[in-house]
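Asker: Go ahead and model the full structure; you've got the sequences and the hints to work with.
So the sequences go chain by chain: V and G.
Once you know that position 98 of the first sequence is 98 in this note's numbering, the rest is easy, because the numbers rise by one and skip nothing.
Once you know that position 42 of the second sequence is 42 in this note's numbering, the rest is easy, because the numbers rise by one and skip nothing.
Just so you know, the hints here were simulated from the structure itself, not pulled from any lab data.
Since the model is a prediction, treat every value here as computed from it, not as a measurement.
Only true hints are included.
Intra- or inter-copy, both count: the list cannot distinguish identical chains.
The calculated DSS-like cross-link candidates involving lysine-lysine, where the alpha carbons are at most 27 angstroms apart (straight line), are:
| hint | residue 1 | residue 2 |
| --- | --- | --- |
| 1 | K59 | K17 |
| 2 | K17 | K95 |
| 3 | K166 | K95 |
| 4 | K164 | K95 |
| 5 | K59 | K95 |
Number of protein chains: 2
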Amino acid sequence: MIPSNGLCVGLDVDLEKIPLHLRGRADAIVAFNEAIIGATRHVAACFKINLAFYEQYGKAGIDALYATRELCGSAYVIADAKRGDIGNTSSAYAKAVFDDLNADAVTVSPYMGSDSVEPFLAVPNRMIYVLALTSNTGSHDFQRCVVDGAPLYERVMRTALAWKRKADIGFVVGATHAAELAGLRASFPDVPFLVPGVGLQGGDAATIRAANGAGPAVFNVSRGLLYMDESENFTSTVRAEAERLAGLLA
Amino acid sequence: MIPSNGLCVGLDVDLEKIPLHLRGRADAIVAFNEAIIGATRHVAACFKINLAFYEQYGKAGIDALYATRELCGSAYVIADAKRGDIGNTSSAYAKAVFDDLNADAVTVSPYMGSDSVEPFLAVPNRMIYVLALTSNTGSHDFQRCVVDGAPLYERVMRTALAWKRKADIGFVVGATHAAELAGLRASFPDVPFLVPGVGLQGGDAATIRAANGAGPAVFNVSRGLLYMDESENFTSTVRAEAERLAGLLA
Numbered sequence: 001m002i003p004s005n006g007l008c009v010g011l012d013v014d015l016e017k018i019p020l021h022l023r024g025r026a027d028a029i030v031a032f033n034e035a036i037i038g039a040t041r042h043v044a045a046c047f048k049i050n051l052a053f054y055e056q057y058g059k060a061g062i063d064a065l066y067a068t069r070e071l072c073g074s075a076y077v078i079a080d081a082k083r084g085d086i087g088n089t090s091s092a093y094a095k096a097v098f099d100d101l102n103a104d105a106v107t108v109s110p111y112m113g114s115d116s117v118e119p120f121l122a123v124p125n126r127m128i129y130v131l132a133l134t135s136n137t138g139s140h141d142f143q144r145c146v147v148d149g150a151p152l153y154e155r156v157m158r159t160a161l162a163w164k165r166k167a168d169i170g171f172v173v174g175a176t177h178a179a180e181l182a183g184l185r186a187s188f189p190d191v192p193f194l195v196p197g198v199g200l201q202g203g204d205a206a207t208i209r210a211a212n213g214a215g216p217a218v219f220n221v222s223r224g225l226l227y228m229d230e231s232e233n234f235t236s237t238v239r240a241e242a243e244r245l246a247g248l249l250a
Numbered sequence: 001m002i003p004s005n006g007l008c009v010g011l012d013v014d015l016e017k018i019p020l021h022l023r024g025r026a027d028a029i030v031a032f033n034e035a036i037i038g039a040t041r042h043v044a045a046c047f048k049i050n051l052a053f054y055e056q057y058g059k060a061g062i063d064a065l066y067a068t069r070e071l072c073g074s075a076y077v078i079a080d081a082k083r084g085d086i087g088n089t090s091s092a093y094a095k096a097v098f099d100d101l102n103a104d105a106v107t108v109s110p111y112m113g114s115d116s117v118e119p120f121l122a123v124p125n126r127m128i129y130v131l132a133l134t135s136n137t138g139s140h141d142f143q144r145c146v147v148d149g150a151p152l153y154e155r156v157m158r159t160a161l162a163w164k165r166k167a168d169i170g171f172v173v174g175a176t177h178a179a180e181l182a183g184l185r186a187s188f189p190d191v192p193f194l195v196p197g198v199g200l201q202g203g204d205a206a207t208i209r210a211a212n213g214a215g216p217a218v219f220n221v222s223r224g225l226l227y228m229d230e231s232e233n234f235t236s237t238v239r240a241e242a243e244r245l246a247g248l249l250a
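Answerer: This is how it looks when you write it as structure tokens:
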């Protein structure tokens, strides 16, 4: 199952940035996410839940993670986990994100190779987004290393596309690399991309949407959408911005 | 803080492999780990808790993860998490493993580069083990890709050693690559290594110990130690094997 093209809303919760009236509440994470999901689900192609932002709050954060997944209901949910380990360990991670958390898609790191991704790829009706060219500055350290005349991220994509799978496969390509995105889209016209980094990380919505062209892609916005307004009326601000971004990214 | 050289006991819990009398108990994970820790701590240089094996059991697994960390007490604890994300997200992961879980060390993936590892490296008195050459077959897919005449895993090590840090830094080098371990030890005589893959993955304890020579290293054994005996007397079996392995790996 491949998510519809368009806006992906990243539920990266940060208790120091949420509206003032919610701070200090025991259910702050869930209350905030419920408001964000309610204000954006009519235009969101999918939601992305980055596990780090929940794990940072310990056991209470994990409770909020599961509650947030429930709040997404029938919407398409990407577990942004960037997991990857030896085979039997990745099987345990696949169980965690698919069986327990009931995510539709997951992000995985390719560094450990085929058997570290296979347990995710073995699950039918899910989407596995493998990290290729990420949105951060560190993407220059290893992902662009030249291997046999091409960047490592391209080697990762060509190799991973040949792996046996029951799940669908796609790649993470950061919105901060518009030229490379356009090039990858020309090489891989039908491969799904998850494009993070629109907004505060520097990716311009209209530019990156144009660079992607007609291929299947979801464009993630997190901080640039969630923390625009600290007032009690934050949902109207978030709703309007989500509609604007969804229009640009459709 | 660098762990003492020797045996690392990997607490990779699998409820389908624990002794028969513990299966089905609500506190099975914690009861099993308590027995394993008790039977090995007199010879273990450290314990390694792989988060996947706890996450696979959902919220109850996370409770067991925290309880297991408590049971380790003052022993040196490595959180085997293989995390790595953009800067602000890796900061959240660092908070989770260090502030919440109170681990002494963590494993991280280098694929996303400098800013994905920096938040871990910024924490004093901890050890960051960066994945270099892992123990699994997939390590041949990308880690051995040749970049400027040397394998990517070596590029990762040389690059990471130059990163600014308050924490200590070390690398994961799998026990299934004895020749490469010996070569890396010659190039990096004083850099700490975490060497997984002794036992069921194929790494021979005496061979790998010899390949490492005098450098700082801990050698992890998980399944090959934990699941030797399904009987009620499993702790005697585990204790004897841990003592034998610790002797070989000291």
